[in-house]
Each structure stands twice: as C-alpha cells, then as structure tokens.
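Engineer: Could you put the whole structure together from the sequences, leaning on the hints where they help?
Residues in the sequence shown are numbered from 0 upward in steps of one, following numbering that gives the first Met the number 0.
Hints are computed from structural coordinates only; laboratory data are not their basis.
Beta carbons are placed, not taken as given, at the ideal position from N, Cα and C, and that holds for glycine.
A couple of the hints might just be wrong.
What the hints assert, rightly or not - With a Cα cut of at most 25 Å, we get these calculated SDA-like pairs of lysine to any residue: (1) 133 - 40; (2) 46 - 133; (3) 107 - 140.
To be verified - Pairwise CB distance ranges (calculated): (4) 73 - 4: 18 to 24 Å; (5) 26 - 90: 17 to 23 Å; (6) 105 - 40: 29 to 35 Å; (7) 144 - 26: 29 to 35 Å; (8) 135 - 61: 33 to 39 Å.
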Amino acid sequence: MELVKAGTSDAIVINGISKRSFDSDVEVGAHCKGGPPGYMSIQFHTKMARTNHLYKLLVDGLIVGAAILFMDGDRLHIGRIFISPEHHRKGYGAYMMQEIEQMFPAVKEIYLDTPVWNIRTNSFYQKQGYAEYKRDSEFVYYNKKLK
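Structural biologist: Listed below in structure tokens is the structure:
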C-alpha cells in the first residue's frame, strides 16, 4: 500500500472512484447522490493532478482511493479524501490519514471539513484524533495539531 502523487493520466480512474464514493454517501445520511464541486469531473481531477494537489492510494498497484491536499503555510488542508466503496472498512482511510500526516513533516496543523449529516466521516475523523473546532448548519470543521 502506498500514497503517492497522482499524474494527469490517473484522473479518469480517480474521477470514477470519486463519483462512486461520494454517491455512496446516500447510505450514511445524504439526501441524494452527489458530492462536492468537481467530484465527478475529469477536468477537475486533471487540474488537481497538474497542480500537485492530487494523491492516489495504491493497493497492489491498483488505485483504490485518493486525496486532494492543499498547503497553507505550516498548515495542511485536506480538501477531500475518498475510497472506492468496495474498499470501505478495510483500514485504507486510516492508512491514508497516517501517511498524509507523515508526508508533510513541517506541518503543524491539519484541518478539514465534512458535512454535518455524514455519520461515517464524522466518526472516522474523530477516531483519527481530529477535534471539532467549529460547526455551522452544513459542515463540521476539524483540526489536528501535530507539534
């Protein structure tokens, strides 16, 4: 298993995983299939790869998940992280979060947000040691201080 930068040639596969993953959120509280802006756009994922924000999770050489990451000074923003639904609940998400924390040794804080209604991701981030620091009607905002 490894988490590495994705290339533009990975965008089509990652796009399909993103669509399936976010559409599966109807099972954990979403009102309908859908996801964040660009979640099913090959153009969006290609741009994220071209600008070095897209990372892919490889398991036995196959892409099973991805993350979109943004540096912000000494902070890292996890724009999104997703795993193909057939690979949920196998520890891949936890592995990705641990790898993300280790890949950026200068980072002092990681932050992210997730929809209020998503029971799967809210529980997951809390189990990974992230603390809620803000909430509004749509999102829960989490952070984790590393140093």
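Engineer: All hints, please: hold or fail.
Structural biologist: Status of the hints after comparison with the structure:
| no. | hint | verdict |
| --- | --- | --- |
| 1 | 133 - 40 | 29 Å, violated |
| 2 | 46 - 133 | 30 Å, violated |
| 3 | 107 - 140 | 17 Å, holds |
| 4 | 73 - 4: 18 to 24 Å | 20 Å, holds |
| 5 | 26 - 90: 17 to 23 Å | 19 Å, holds |
| 6 | 105 - 40: 29 to 35 Å | 31 Å, holds |
| 7 | 144 - 26: 29 to 35 Å | 32 Å, holds |
| 8 | 135 - 61: 33 to 39 Å | 37 Å, holds |
Going down the numbered hints, you'll see the structure goes against 1 and 2, while the others check out.
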